[in-house]
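A.B. asks: Please model the complete structure; the sequences and the hints are all you need to start from.
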Amino acid sequence: MSLRVSVDSGGTFTDGILIDEHGSVATAKAHTTPKDLTLGTMECLSRLASAYGITRGDLLAKTSTIVHGTTLATNIVATSSGARLGTIATRGYRDRLSFLHVAKADLKGDIREAEADLFDFRRKYPEPLTPRRLTTEADERLNYKGEVLIPLDEESVRKAVAYLKEREVEAIAVLFLFSHLNPAHELRTGEVIKKEWPEVHVSLSHQVLPVWGEVGRWSTTSFSAYVAPKVIDYVSRIEKLLQQKGFAGELLFMQSNGGVATPEIICENPATLLASGPAAGPSLGLALARSHGAEDLLSVDMGGTSFDVAVVPEGRVNVTQKMVVEGKRYALPSVDVNAVGAGGGSIAWLDPSGRLQVGPQSAGAYPGPACYGFGGTEPTVTDADVVLGYIDPDFFMGGETRLHKDLAERAIEQQIAEPLGLSLEKAAAAIYDVVNAKMAGAIGVVFTRRGYDPRDFVICCGGGAGAVHGARLMQELGIKDLLVPKVAPVYCAFGMMYADLRHNFTRPYLAESTKVDLTRINDLYQVMEQEVVEILEREGVAREDMVIEKTIDMRYYGQVREQTADMPPGMVTEETFGVAQSNFHQKHRTVIGYADQSYPTEVVRLHLAGTAKVKPPEPQKVSIDGANAARTLKGIRPAFFSEFDDFVDTRIYDGNLLSAGTSLEGPCIVEEPMTTVVIPPTLILSVDEFGNYTTMTKG
Amino acid sequence: MAAAQMQAPTATRAAVVDPTTLSVVWNRFEHILAEIGDKALYATQSFVMANVRDLGQSLLDPRGDIVAVAAYVPIHVFTAEVSVKSFLQKFEGDFHPGDFFLGNDAYIIRSGHLPDWTLLRPIFYEDELFGFFQFRGHMADTGGFLPGGYAPGAYDIIAEGLNIPPIRIIKEGVLDEELWGLVKRNIRNSDVVEMDVFNVNGAMAQGEAELSRLLDKYGIETVKQCMEEMLASGERAARAQIATMRDGVYYGESGTDWDGQTDKPVNVQVKLTIEGDEMTFDLSESDPQCSFINLPWGTTVYSCMEAVYSMLDPHVPKNSGSMRPVHVVAKEGTVVNPTYPATVGASQITISVPLVDACWEALAQLLPERAMGGYCRHHCPINIGMDPRVIDPRTGTVKQYFGETFASDGSGGAMSGFDGWQGVGNYRFVGCMVRPDMEVFETQIPYRVMRYELLQDWEGAGEYRGGPGVYLEMVCNEDLPPDAATLLQTGNSDGMRFAPKGVAGGGDGRLNEMWIGNPLSGERRRLPTMSLEHVAPGEIVYHWSSGGGGWGDPLSRALASVREDVIEGLVSLTRARDVYGVVVDEATMEVDEQATEVLRKDIKAKRTL
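Just so you know, the protein sequences line up as chains X and C, in that order. For the record, in the first sequence the residue sitting at position 62 is 62 according to this note's numbering, with numbers rising by one throughout. For the record, in the second sequence the residue sitting at position 518 is 518 according to this note's numbering, with numbers rising by one throughout.
No lab work stands behind these hints: they were computed from the structure. Heads up, the beta-carbon is just placed ideally off N, CA and C, and yes, glycines get one too. Mixed in with the good hints there might be a few duds.
Said to hold, decoys possible - Over the 10 Å line for every Cβ pair with chain X, so calculated as not near, a few chain C residues:
| id | residue |
| --- | --- |
| 1 | N51 |
| 2 | M245 |
| 3 | M450 |
| 4 | G538 |
| 5 | E586 |
Said to hold, decoys possible - Restraint-style ranges between C-beta atoms, simulated for each label pair:
| id | chain 1 | residue 1 | chain 2 | residue 2 | range |
| --- | --- | --- | --- | --- | --- |
| 6 | X | S50 | C | K217 | 45 to 53 Å |
| 7 | C | D156 | X | G146 | 46 to 54 Å |
| 8 | X | I150 | C | K171 | 53 to 61 Å |
| 9 | X | R538 | C | E513 | 43 to 51 Å |
| 10 | X | R133 | C | H534 | 38 to 46 Å |
| 11 | C | R497 | X | N522 | 52 to 60 Å |
| 12 | X | D153 | C | E586 | 50 to 58 Å |
| 13 | C | G98 | X | R538 | 54 to 62 Å |
| 14 | C | S561 | X | G146 | 40 to 48 Å |
| 15 | C | E228 | X | L657 | 46 to 54 Å |
C.D. replies: Spelled out as structure tokens, the structure:
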């Protein structure tokens with residue numbers, strides 16, 4: 001039992017990675033099989049076994065842990081292929097989630113609406129998950145203290161269930177007002193449904209997320225019920241299948257909060273998978289940053305169409321409850337990853353005033369950039385990267401795909417260079433510079449909105465396209481150092497091996513800070529702690545290996561939005577509560593730009609996270625034979641660098657042959673099988689003992 | 001569609017800075033502005049700023065021209081065109097690093113009504129004045145004889161609220177305690193307003209630091225050239241679009257229910273002249289000024305621009321450059337160009353929105369494909385009052401609240417190719433209105449919202465239909481002491497006389513309605529707009545708000561869309577048949593295509609008779 005495996009099942013490909021007790025790594029890739037996801041997952045494991053030189057049966061028998069990431073839930077939502085969903089709401093509220101509850105400017109989450117779209121409504125209204133015809137109501141009502149104003153009429157629940165049963169819904173979300181304060185009506189409704197119709201899946205809003213504010217709670221609950229049948233089906237089938245094929249180790253799933261959980265826990269709240277796709281990258285970035293003595297990290301994962309960034313300050317992967325998924329609130333704690341809407345596929349275009357713009361439209365995977373030769377005619381960032389000599393058209397994806405440089409040139413020439421009166425290369429350089437500036441600007445907002453200064457950070461670039469742009473992003477943002485992991489193309493899959501078992505809990509507690517009841521606060525924390533301990537114990541963790549972290553949401557009295565402040569460990573006392581309060585003021589000052597220590601504050605909710613550290617994998621070191629770099633030189637080709645305002649002959653190195661301790665002066669390019677590292681003239685690149693790359697400024 | 005109307009880019013001729021730098025600097029400006037807005041929004045205690053983003057910010061050059069803007073509520077962004085000039089007039093040559101200014105005077109700053117304060121911070125780079133950050137937002141209070149800034153029946157502008165000319169409250173980083181103390185003493189919940197103002201200053205200071213990093217990198221001269229080019233390219237793009245429009249004179253009109261005093265509608269008239277690459281909106285035939293709804297000049301200019309920007313290609317840069325070829329004229333003493341001391345409280349919605357509707361009507365004759373069905377007029381009473389049972393820790397005195405559900409606002413108008421957006425309120429908020437959680441509302445305001453739903457058959461019909469109507473019902477909590485000041489102010493609500501209009505053959509929406517009912521006596525009273533009512537514990541407030549106007553002939557609406565609306569309960573079987581000419585079988589919910597074809601022909605034939 002010595003192998004550790006991670007399998008990351010994305011929309012198109014399923015990536016697998018294996019690491020053995022010596023730190024040897026094998027990777028594999030298989031097509032994702034949407035009709036029956038277990039096929040693609042098992043195929044990936046077969047390929048992983050053969051890459052390692054054993055049978056799949058042997059691999060499964062020898063594996064102690066499989067960490068499984070899946071975009072299943074995300075894709076269900078993106079393709080509207082979830083359960084036929086019915087809801088039972090408090091009487092009078094069946095339409096609540098049909099009203100826009102995310103501002104139009106924020107519908108795409110962190111991809112902020114552009115000034116150009118300000119006055120424009122020419123697009124489809126974001127539909128709720130439950131069609132109006134499947135919304136029903138029950139007679140019941142609580143007030144804002146959780147007191148019963150109208151007792152639950154069970155007959156109205158039975159009527160609603162009969163109506164939904166007749167219409168063959170597959171899941172029911174129960175959405176009652178103030179159920180987070182008093183769950184009795186929701187619980188009883190759950191029992192009535194189970195009795196009337198035992199087969200249907202039921203999600204109760206106070207169980208999915210007990211927070212104040214019906215929109216976030218109900219919207220998240222609807223997501224949970226919507227993805228539940230398919231997620232539960234897949235999770236239980238793959239678990240059984242792996243056992244049948246000889247796997248006796250532990251299967252863990254990647255969650256939105258950046259931690260992992262067992263299949264049983266996932267099935268209790270399937271919505272925890274929803275934002276898990278990019279959640280693992282930051283863990284790997286952090287491990288890498290730590291090996292270079294840094295605790296403040298910017299994690300960047302740039303693929304063909306997406307660009308995910310996460311700020312990881314002080315060695316801590318931040319979670320947020322303010323995610324927007326397909327135009328709807330998703331309020332479960334999720335790793336604070338921002339999709340910035342730029343990537344290799346982002347299209348360059350001129351607006352009516354002649355301003356060069358890049359994105360947010362993307363050519364996607366198909367037809368993709370012009371240079372793919374699939375018929376795309378719009379110039380993209382990848383096209384510019386090819387024209388500038390950064391990407392070798394014959395060595396894209398390790399030579400698996402040949403790119404057409406002539407098509408890239410034609411697209412840029414016709415759409416950008418000619419109208420602007422620029423030469424081809426200047427136009428390509430402009431696209432490259434504009435997208436870098438745009439990404440840097442967006443990243444800058446991610447930093448400053450959270451109150452951090454990029455100059456204290458290192459940047460870790462994963463994904464196929466990250467390292468083509470990483471050095472420029474670093475310079476643009478004034479970031480200290482660039483790190484490129486050897487495993488950049490499988491950034492998230494590898495990151496999963498670093499993910500800890502992690503569970504987040506939250507409780508509403510609304511009180512002015514001068515009137516807080518510390519006993520009540522301690523009780524609430526204790527209840528959450530018991531819950532987390534119970535879950536971790538079910539997952540086989542010993543009490544002494546659990547780490548409990550407490551935070552508290554506070555705001556100035558009268559504010560609508562709050563800041564999360566750290567609560568010192570142990571029992572909450574007058575003193576530690578005071579510490580939390582000054583943490584709040586400090587955070588408000590850095591994030592907003594102002595604070596007032598004498599202003600009354602109030603508590604809004606309490607959070608508790610329980611973590612069990614997973615032993616990180618130990619990758620193999622690369623050789624330190626001090627061989628001279630010349631041996632690894634693949635060739636020389638012209639590449640454009642703005643410092644020379646021209647193409648210069650640039651040395652191209654084979655990343656697989658570079659040994660630890662090697663230093664290479666920019667300008668140069670290192671080609672790895674699935675990624676390319678571009679080093680501008682002012683930087684020196686070095687290779688660390690694990691084959692990862694780092695830079696320093698010359699002189 | 002819109003792009004096809006665009007002329008080829010013309011940047012080559014006039015570009016003095018390289019396009020890369022221009023694009024980088026422009027993006028950066030927008031990011032920095034957006035961030036100031038995000039911080040102000042995140043931290044604000046003002047109910048309307050927090051919930052409908054009633055705020056906006058812009059970057060201006062030292063001459064007071066708007067250079068760059070961010071996607072926030074645009075009225076607050078573009079009134080800077082008029083308002084900032086008054087600060088320049090008073091303080092030109094006397095700006096210092098760390099200064100911070102504010103004002104709201106409807107006749108000096110002329111941006112709009114009193115609760116929308118303009119905040120201004122000069123931006124310095126190495127001791128040189130680089131430009132200004134401007135912020136405008138709806139403060140939690142602004143004094144006057146009623147809270148929140150809406151005071152129907154106010155005798156004059158002095159009674160309506162505190163009139164603040166351009167003043168400097170922070171000089172080189174030091175607060176002018178005496179001046180600020182005077183302002184604070186004359187507004188309610190003054191600590192709330194103070195923290196909101198200081199948060200904006202703090203956010204702007206952080207923005208200034210970020211801007212100086214940009215200036216370090218590119219040099220101030222280059223960035224200044226970029227700013228010139230932003231204005232020039234805005235002007236070029238707007239002129240190119242206007243040049244494609246047919247020269248001529250076009251008319252539009254609309255109105256608002258009344259002014260809260262004299263029971264008759266108040267009308268605005270638009271005469272639009274297109275001549276070459278310029279356009280002029282002449283509003284001189286609009287009604288004379290009255291009370292409560294008079295529109296200060298900055299918002300009059302903006303209202304015309306809102307109509308223009310929403311009709312042009314969305315990618316025309318929005319700044320003072322693209323405002324240059326658009327002229328607005330109005331006679332002094334009219335409701336769109338009032339004179340001191342006329343009151344202005346409701347004007348930001350209740351004459352401004354009709355003015356936009358009138359401009360749309362004129363523009364729709366030029367650009368029918370770009371025209372939109374009318375939006376539901378703002379229709380949501382404001383809850384104000386005191387809760388004697390609660391002591392506010394900020395003031396140490398009885399709690400004074402000001403809020404609204406924003407839940408009874410109606411829906412948006414249809415566009416060619418798209419149905420109207422449901423429940424987004426009037427167009428003024430451009431989709432930024434976020435309906436607050438009722439669980440939060442009920443915690444802060446002594447009411448319970450009992451029904452909150454979409455209305456059947458309230459949409460403006462069309463090939464593309466307006467969004468549906470909205471119904472809301474709320475009860476004043478029975479346990480409230482009967483002597484508590486519990487007021488319902490219909491303030492800037494409108495639309496009980498003017499329904500959202502359909503365009504290009506689309507149908508109109510319906511008229512809004514508000515009632516208060518007393519369940520004990522069974523008595524019901526109709527609640528007019530722009531008024532103030534006392535609500536007793538246990539009384540129930542009812543609202544019906546219209547859907548948006550339709551676009552195109554309802555008889556051309558796709559059968560599947562009509563069927564879907566019927567199944568969803570938004571359109572009744574009767575209306576499907578009578579208005580859309582679609583026969584849906586009640587039992588199977590299937591469309592009878594043959595019967596539909598006959599019926600549609602029949603309706604068309606009757607129309608031509």
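A.B. asks: So, for every hint listed, does it hold in this structure?
C.D. replies: Hint check results:
1. For N51 (chain C), the condition that its CB be more than 10 Å from all CB atoms of chain X is violated, with the nearest at approximately 7 Å.
2. At the 10 Å boundary, the C-beta of M245 (chain C) stays outside the reach of chain X, the nearest C-beta of that chain being 15 Å off.
3. Not every beta carbon of chain X lies more than 10 Å from that of M450 (chain C), the smallest distance being close to 5 Å; the non-interface claim is violated.
4. No Cβ of chain X comes within 10 Å of the Cβ of G538 (chain C); the nearest lies about 13 Å off, and the non-interface call holds.
5. For E586 (chain C), the requirement that its beta carbon stay farther than 10 Å from each beta carbon of chain X is met, with the minimum near 14 Å.
6. Between S50 (chain X) and K217 (chain C) the Cβ separation comes to about 51 Å, which falls inside the hinted range of 45 to 53 Å.
7. The beta-carbon spacing between D156 (chain C) and G146 (chain X), approximately 48 Å, falls within the hinted interval of 46 to 54 Å.
8. Checked against the hint of 53 to 61 Å, the C-beta distance between I150 (chain X) and K171 (chain C) comes to roughly 58 Å, which is consistent with it.
9. Between R538 (chain X) and E513 (chain C) the CB atoms are about 57 Å apart, so this pair departs from the stated range of 43 to 51 Å.
10. The given range of 38 to 46 Å is respected by R133 (chain X) and H534 (chain C), whose C-beta atoms sit roughly 41 Å from each other.
11. Between R497 (chain C) and N522 (chain X) the CB atoms are about 59 Å apart, so this pair conforms to the stated range of 52 to 60 Å.
12. Look at D153 (chain X) against E586 (chain C): about 29 Å separates their beta carbons, and that is not inside 50 to 58 Å.
13. Taking the beta carbon of each, G98 (chain C) and R538 (chain X) are about 58 Å apart, inside 54 to 62 Å as hinted.
14. For S561 (chain C) and G146 (chain X), the hinted distance range of 40 to 48 Å is satisfied, since their beta carbons lie about 43 Å from each other.
15. Between E228 (chain C) and L657 (chain X), the C-beta spacing of about 52 Å keeps the proposed range 46 to 54 Å intact.
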